[in-house]
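Visitor: Next come the chains, spelled out residue by residue.
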Amino acid sequence: MNVINIQKLTKSFGSTQALKGVNLTVRQGEVHGFIGPNGAGKSTTIRILLGILRKTSGEISLLDGDPWKDAVRLHRRLAYVPGDVTLWPDLSGGEIIDLLGRLHGGLDVSRKKQLLERFQLDPAKKSGTYSKGNRQKVALVAAFSCEAELYLLDEPTSGLDPLMEAVFQECVAEIKKSGKTVLLSSHILSEVEALCDRVSIIRQGQIMESGTISQLRHLTRSTVNVETGTAAIGLGKLYGVYDMSRKGLKYSFSVDSDAMTKVMEMLLPLGIKSLTVEPPSLEELFMRHYGDDIREKGGYAR
Amino acid sequence: MRISDFSGTGTLIRLYLRRDRYLLPLWIFLPVILGLIVAVTFTAMADKGMQSVLAEFDEDPLVSAVLGPVMSFDLSGAIVWRGTSQIALVLGIGSLLTVIRHTRRDEETGRSELVRAYVVGSYANLTAALLLAVILNLSSGVLIALSNIALGGAAAGSFLLGGTMSVVGCFFAGIGALGVQLRENSGTARGIGMAVLGLGIVMMVLNNLGGGYTLLRWVTPMAWQRVTKPFAGNHGWSLIYFTAFAAIPVIIAYVLSARRDLGAGVLLARPGLPEAAPHFSSPLALAWRLHKGSFIGWLAGTVLYIVVFSAFSPGLSKSGGISGWLSGLGGTDWTGEVGLGYVFISIGIYLVSLFVAAYAITAVLRLKKEESEGRAEMLVDKQVSRIRWMSSHLIAAALCSAALLTATGIAGGLAYGLAAGDLSNGFWRIFGMNVSKIPPVWILLGITALLYGLWPRITALSWVVWASFGMLELAWEAQVIDWSLMRFSPFSYAHYTIDITNLPLLPLLVLLCLSAILTGIGLIGFRNRDVSTKA
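Chains as they are written, first to last, in the numbering used here: chain A, 1 to 302; chain B, 1 to 535.
Don't take each hint at face value.
SDA-like mimics (lysine to any residue), calculated; alpha carbons at most 20 Å apart, straight line [stated by the list, open to error]: (1) 113/A <-> 339/B; (2) 125/A <-> 265/B; (3) 69/A <-> 267/B; (4) 292/B <-> 281/B; (5) 125/A <-> 368/B; (6) 113/A <-> 520/B; (7) 368/B <-> 258/A; (8) 125/A <-> 266/B; (9) 8/A <-> 203/A; (10) 69/A <-> 520/B; (11) 113/A <-> 274/B; (12) 237/A <-> 203/A; (13) 125/A <-> 520/B.
Restraint ranges, calculated between C-beta atoms of paired labels, are given here [said to hold, decoys possible]: (14) 173/A <-> 17/B: 20 to 26 Å; (15) 195/B <-> 21/A: 53 to 59 Å; (16) 111/A <-> 282/B: 18 to 24 Å; (17) 403/B <-> 173/A: 47 to 53 Å; (18) 69/A <-> 520/B: 18 to 24 Å; (19) 69/A <-> 403/B: 45 to 51 Å; (20) 461/B <-> 66/A: 32 to 38 Å; (21) 109/B <-> 37/A: 22 to 28 Å; (22) 109/B <-> 72/A: 29 to 35 Å.
Just so you know, these hints were derived from the structure itself, not from any lab.
Using N, Cα and C, we set each Cβ at its ideal position, and we do this for glycine too.
From just these sequences and the hints, can you work out the full model?
Guide: Written out as structure tokens, the structure is:
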């Protein structure tokens, strides 16, 4: 069953088109990563899911309801953490967490206390004195203390230190274990790699790829380091082989997943002395999708 | 204090001039325009000659009780007599807000931290903000002087008037600079500044009630022209004293600023509650919490103002004759029977209600702040509909503004009744004068709610509407427009010229319905638009 189903979603702000036909499905019980560069449309999509922004066109359903029309009813069943949390400066963190929990329709007090401890947040401080990371913790503690079926997390860990990042990952793992669904928008690709079952990559208001991380890996290149018995003549010119470098009989290159068989067929008769094949990291996947843009503009070379 | 403590001041002034390139001209020209408006209305009235018009006002018991004696019976004197309080108020507000905006507001948002990391001395920020206010006040003062010379005023008197106004503005810049040292938020500083302005107005009127030349004029910026006396003896030397007076808050501000951390106040922040109180569980509870601080400030200010004037005004009743000016205005002629003090307090309450309407606008505009700063988003993703979120602040604004007028009604009624020795009669009349202003105040609330719901970008229009109701009143008092045009102002339906015991209630009920309709349209508009969010 799909918890989120988005088809051909568009959103315009005046003459700028923020979303140009987004397709996104999030299944029940999965942690779905939502990655893309700044301004790609991640937050806009999530805000449409929250019923804060109104779609321009397209189909969108959230927990079998319409996020715009049924907003209040649906919000009982979801929790949200924004990426840039702004609080009421003269209220304490503890008061804000309690208030948000009550507005959600109830909060698990023992869970709240446990989360305050895990995130090491002092609830008695006025929120005006909180640092960026501490403001983020207020929103995280409030959301995770609420009972919900779906957690919409929009770059939830921006400003958290690595220890807190680890606590966050534990929390998401616990949520997943209890069968809840998470949509996690993030820049921290190691976080997405560690937590997510499936990933959607958005760029300039469109979804570029969607699938499990291993499916996405198939779409890109692995790095191969090989030492052969005799020289591999013409390896660099093989279709699907890139970035070849050679040191004696040690070759290093990257290869398209669908060209791997051809490469292995060529290498085998030469006598393989050592061989390592590294699957691409999400980082490399990401760079491959966006690197083109940046390279065209002369900013990034690889 | 070393020279290096001031390094970067020049660059910061250029930054502030750039940031205020639209705002600063407004504060500079608005006082000049106010002076010109006074000149235009007096020229329009003066078909029998300026001398006799001013003499008539000067002898009018009501008018001179409010505005004090005329010092010079010509057009320049008219501008000094009628215009200085407004000019002082505008320059005061402009100076306060300018200083706060570039000091505490920048610290609050973290911009100062960014700036101070560069080669910028610890006093540079405060100094640059104060110098900006000095630039504002001197420019405005020079323009006031030039406009008076253009209208035919003597050069010496014109420059003395401009100079006096500049020093008044600089005094309030100093109050702003002092206020921002105390707490870590800019709201407190604005509150302190507004309180000092309010106190200045009360002291000015008390000085006028006392004949215009009491000792109060030496410490009341709004009455300093009664010491410097432009066009009426030109006591220019006293400007030195006032400049020294204006420097006092500035010196205290410098001393305090050296003793505190960036971003902190001299008074330390108190810790909050680790858990929310049990009743703190709804958007309305949050709205009340957010409005409480400014409400208490307004409550203290309005009640103080009304109580002082309610207590003083019965004493005016015995001084015979009422006001030729007032009966000439063509409202109802009940005023002749009831006594001067009664009319005086009636006008005072009317003026307060205009300011309560301004409060109602600021209270509704809290919605916009909450939305644009991204906090609305944190609530409407919960079990809170947009209508419920928006109405929470509207209910707070409506109840708080009504509570202000009820409180001034009760306190003013008691003060007037006790002072007049006729508690039951006095109380209910003064109470009625206050609460009858609730419907017109709510009209402005409704207009602001409608703008916010439908077109949040142009909510500033509500201030234009508010100002135009005030302008209608001024134009009518100056007999430039007649009563039928005055009816466009909702305040005319609870006007001070209408006897409170005979006030028609039907128009007030219509106003209440109208404000409900305006508010309803605003709510529907907000339900159907995008919530604006931080990028």
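Visitor: Does each hint fit the structure? Answer for all of them.
Guide: Structure-based check of all given hints:
1. 113/A <-> 339/B: violated (67 Å)
2. 125/A <-> 265/B: holds (16 Å)
3. 69/A <-> 267/B: Answer violated: residue 69/A to residue 267/B is near 48 Å, above 20 Å.
4. 292/B <-> 281/B: Distance ~16 Å between residue 292/B and residue 281/B Cα, so the pair holds.
5. 125/A <-> 368/B: violated (26 Å)
6. 113/A <-> 520/B: violated (41 Å)
7. 368/B <-> 258/A: violated (55 Å)
8. 125/A <-> 266/B: Measuring from Cα to Cα gives roughly 18 Å; hence the hint holds.
9. 8/A <-> 203/A: holds (14 Å)
10. 69/A <-> 520/B: holds (19 Å)
11. 113/A <-> 274/B: holds (11 Å)
12. 237/A <-> 203/A: violated (32 Å)
13. 125/A <-> 520/B: violated (38 Å)
14. 173/A <-> 17/B: 20 to 26 Å: Because 54 Å falls outside the window, the suggested range is violated.
15. 195/B <-> 21/A: 53 to 59 Å: Holds - the Cβ-Cβ distance for residue 195/B and residue 21/A, about 56 Å, lies within 53 to 59 Å.
16. 111/A <-> 282/B: 18 to 24 Å: Because 22 Å falls inside the window, the suggested range holds.
17. 403/B <-> 173/A: 47 to 53 Å: Hint holds: Cβ distance 51 Å, inside 47 to 53 Å.
18. 69/A <-> 520/B: 18 to 24 Å: holds (20 Å)
19. 69/A <-> 403/B: 45 to 51 Å: violated (37 Å)
20. 461/B <-> 66/A: 32 to 38 Å: holds (33 Å)
21. 109/B <-> 37/A: 22 to 28 Å: With a Cβ separation near 27 Å, residue 109/B and residue 37/A satisfy 22 to 28 Å, so the hint holds.
22. 109/B <-> 72/A: 29 to 35 Å: Holds: the Cβ-Cβ distance is about 33 Å, inside 29 to 35 Å.
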